[in-house]
Amino acid sequence: MVTVLNAKVLIGADKLDTPVYTACCSDLMSDVLAFVDEKTVLITGLTNPHVVRTSEMLDLKCLVFARGKIPTDDILESADEQGLVVLATKLTAFSACGVLYQMGLRGVPVPTQWDQEDKK
Amino acid sequence: MEPLYTGSYHVAKDDYTSAGHASADIKRQLKQIGVSGDVLRRVAVASYEVELNLVIHSLGGDLTLNVYPGLVELISSDIGPGIPDLKMAMKEGYSTASEMARSLGFGAGMGLPNMKRNADDFDIKSTVGVGTTITMGFHLA
Ligand SMILES: Nc1ncnc2c1ncn2[C@@H]1O[C@H](COP(=O)(O)OP(=O)(O)O)[C@@H](O)[C@H]1O
Ligand SMILES: [Mg+2]
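From first to last, the protein sequence lines are chains A and B.
Position 78 of the first sequence, counted from 1, bears residue number 77 in numbering that gives the first Met the number 0, the numbering being contiguous throughout.
Position 29 of the second sequence, counted from 1, bears residue number 28 in numbering that gives the first Met the number 0, the numbering being contiguous throughout.
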């Protein structure tokens, strides 16, 4: 993942072998809270403390910050305390997802309100 | 029945910096008590959503954790402004969140539906001008 994203490892260089099975790309923390589980890597363009707090609630293992954005040191510190792997890539969120998809990662299954409407 | 463990947290209006601390502590306490896995994550998610709602939408309130044998209970109780249309508020995507909340990644209108999905029991009562109380129960396997 580090290679294809040409990523900087901001936190967790010793934990890069942590497996992830699915990916989710979102700046909406409520959507993340709704659909994501701990085996998922989160790709986001948001770099506020809530991204890390959301990850803590979900026991996420890996975060990727897109478009060259780097969160502040105190945010990285709390990520470190949680044992997260944190990467930063110059790619936009779209392109980061593209290369990860090509690598074989797939999205999380997401139930929507449509599903219920379709059943009616 | 007396709870085996109880903890209470005050959550202030517009306190975006500390938002999430109560939920992080709740998660830590539960872990220590021996709650884990799926239930722990469901409590954590619901707690975070309800705590954020106190910060974003309420005039301030309290988040209370009660642990009983076989049951984790979360109660959020605030001092207003209340929700005029509960049915609307429970809809996915409905939100009155401020720009500030949105810029932090909230205000997707998924919070209340998320809580309902994650909790085994969910009850919401709201009176405009008085406040909102949400009670959630999580059954321990
Ligand atoms: N504690 C509360 N006090 C007043 N209004 C609330 C409260 N909680 C939720 N609401 C109302 O319900 C709506 C939906 O809440 P929610 O599903 O969590 O979405 P969001 O927080 O993203 O707006 C909010 O936008 C708000 O209008
Ligand atoms: Mg909400």
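Read the hints as simulated data drawn from the structure, not as lab findings.
Check each hint, because a few of them may be wrong.
As the list claims (entries may be wrong) - Straight-line distance between alpha carbons at most 20 Å, and here's what the computed EDC-like set of lysine to aspartate or glutamate pairs gives:
#1 A/LYS60 / A/ASP79
#2 B/LYS90 / A/ASP16
#3 A/LYS60 / A/ASP16
#4 B/LYS30 / A/ASP58
#5 B/LYS115 / A/GLU116
#6 B/LYS30 / A/GLU116
Stated by the list, open to error - Coverage of chain A stretches by chain B, computed from C-beta distances (three or more under 8 Å per stretch; other residues unrestricted):
#7 15-28
#8 52-61
Predicted model, so just to flag it, every value in this text is computed and none were measured.
Virtual Cβ for every residue (Gly too), placed ideally from N, Cα, C.
Each hint tested on the structure:
The suggested pairing of A/LYS60 with A/ASP79 holds, with an alpha-carbon distance near 11 Å, which does not exceed 20 Å. For the proposed pair B/LYS90 and A/ASP16, the alpha carbon gap of about 40 Å is over 20 Å, so the pair is violated. For the given pair, A/LYS60 sits about 11 Å from A/ASP16 by alpha-carbon distance, which is consistent with the 20 Å threshold. Between B/LYS30 and A/ASP58 the CA atoms are separated by roughly 12 Å; this keeps the pair inside 20 Å, and the hint holds.
Among the hinted pairs, B/LYS115 with A/GLU116 is consistent with the structure: their alpha-carbon atoms are about 19 Å apart, no more than 20 Å. The hinted pair formed by B/LYS30 and A/GLU116 fails the criterion: a straight-line CA distance of about 38 Å is larger than 20 Å. With 3 residues carrying a beta carbon less than 8 Å from a beta carbon of chain B, the stretch 15-28 of chain A meets the three-residue requirement, and the given coverage holds. Counting residues of the stretch 52-61 of chain A whose beta carbon lies closer than 8 Å to any beta carbon of chain B gives 6, which reaches the threshold of three, so the coverage claim holds.
Checked against the numbered hints given earlier, the structure breaks hints 2, 6 and satisfies all the rest.
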